[in-house]
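Work out the full structure, taking the sequences as your base and the hints as a guide.
Each residue of the sequence shown is one higher than the one before, starting from 1 at the first, in UniProt numbering.
Heads up, some of the hints might be wrong.
As the list claims (entries may be wrong) - Within a straight-line C-alpha distance of at most 35 Å, the following computed DSBU-like cross-link-like pairs (lysine-lysine) qualify:
#1 Lys2 to Lys33
#2 Lys22 to Lys7
#3 Lys7 to Lys79
#4 Lys31 to Lys79
#5 Lys7 to Lys18
#6 Lys18 to Lys79
#7 Lys79 to Lys22
#8 Lys79 to Lys33
#9 Lys33 to Lys18
#10 Lys22 to Lys33
#11 Lys2 to Lys31
#12 Lys33 to Lys7
#13 Lys2 to Lys79
#14 Lys18 to Lys31
What the hints assert, rightly or not - Ranges of calculated distance between the beta carbons of each label pair, as one might list FRET restraints:
#15 Gly107 to Glu47: 35 to 43 Å
#16 Met1 to Asn53: 37 to 45 Å
#17 Ile104 to Gly21: 15 to 23 Å
#18 Pro106 to Ser43: 18 to 26 Å
#19 Arg8 to Gly48: 12 to 20 Å
#20 Lys18 to Glu72: 14 to 22 Å
#21 Met1 to Asp66: 39 to 47 Å
#22 Gly21 to Val42: 12 to 20 Å
#23 Ser99 to Gly48: 14 to 22 Å
#24 Ala89 to Arg44: 32 to 40 Å
#25 Lys2 to Ile46: 32 to 40 Å
#26 Ile46 to His26: 13 to 21 Å
#27 Gln93 to Leu30: 14 to 22 Å
#28 Lys33 to Pro77: 13 to 21 Å
It is worth saying that the hints were derived from the structure and are not from the lab.
For every residue, glycine included, the Cβ atom is placed at its ideal position computed from N, Cα and C.
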Amino acid sequence: MKSIPAKRLTIYVGEGVKWQGKALYHALVLKLKEAGLIGVTVSRGIEGYGKRNSIYAARILDLSYDLPVIVEAVDTPEKIASVLPQVQAMVSQGLITVSDVEMILPG
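Structure follows, in structure tokens:
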């Protein structure tokens, strides 16, 4: 297997946060796709808290919550660096992290 150094871009936002009329997490997926990143995954948290210390949790009878959503992308350091300013401009509520990772490619 081939291994290459990469960066992981992780964006934590609330499910209800909007950007230009769309869910922010969806707008981020579109922006990252437009930037040519290899792939993006969006995960919905079942429980969490953030800056305001309010705990949000998915419960069986609850219809809507501003649950945490995590948008993750892994790509080359250059691609992550090139899209980061655009992501920062879009995320006014939330947290953005960039970390070093190693991509393990089959073959």
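Fill in: 35 Å Cα cutoff - pair Lys33, Lys18
holds, 18 Å
Worksheet item: Are the Cα atoms of Lys18 and Lys79 separated by 35 Å or less?
Response: holds, 25 Å
Fill in: 35 Å Cα cutoff - pair Lys7, Lys79
Cα-Cα ~9 Å, so holds.
Worksheet entry | CB-CB spacing for Val42 and Gly21 relative to the 12 to 20 Å hint | Distance hint for Gly21, Val42 holds at roughly 18 Å.
Item to complete: Would you mind confirming whether the straight-line C-alpha gap from Lys2 to Lys79 stays at or under 35 Å?
Response: Holds. Lys2 to Lys79 sits at ~19 Å (cutoff 35 Å).
Worksheet item: Can the restraint linking Lys22 and Lys7 be considered satisfied, given a maximum Cα separation of 35 Å?
Response: It holds: about 27 Å lies between the C-alpha atoms, which stays within 35 Å.
Fill in: Verdict for Ser99, Gly48 (Cβ pair) under range 14 to 22 Å
holds, 19 Å
Worksheet item: Regarding Gly107 and Glu47, is the given constraint of 35 to 43 Å on their beta-carbon distance met?
Response: holds, 38 Å
Worksheet item: Has the given pair, Lys22 with Lys33, been kept, meaning a C-alpha gap of at most 35 Å?
Response: holds, 16 Å
Worksheet item: Could one say that the CB atoms of Lys2 and Ile46 fall in the range 32 to 40 Å?
Response: At 35 Å between Cβs, range holds.
Practice prompt. Assess, step by step, whether the Cα of Lys33 is no farther than 35 Å from the Cα of Lys7, and give holds or violated.
Written response: holds, 16 Å
Practice prompt. Below or equal to 35 Å on CA atoms is what counts here, so check Lys2 against Lys31.
Written response: holds, 28 Å
In this structure, the hints that do not hold are numbers 17 and 24, in rising order.
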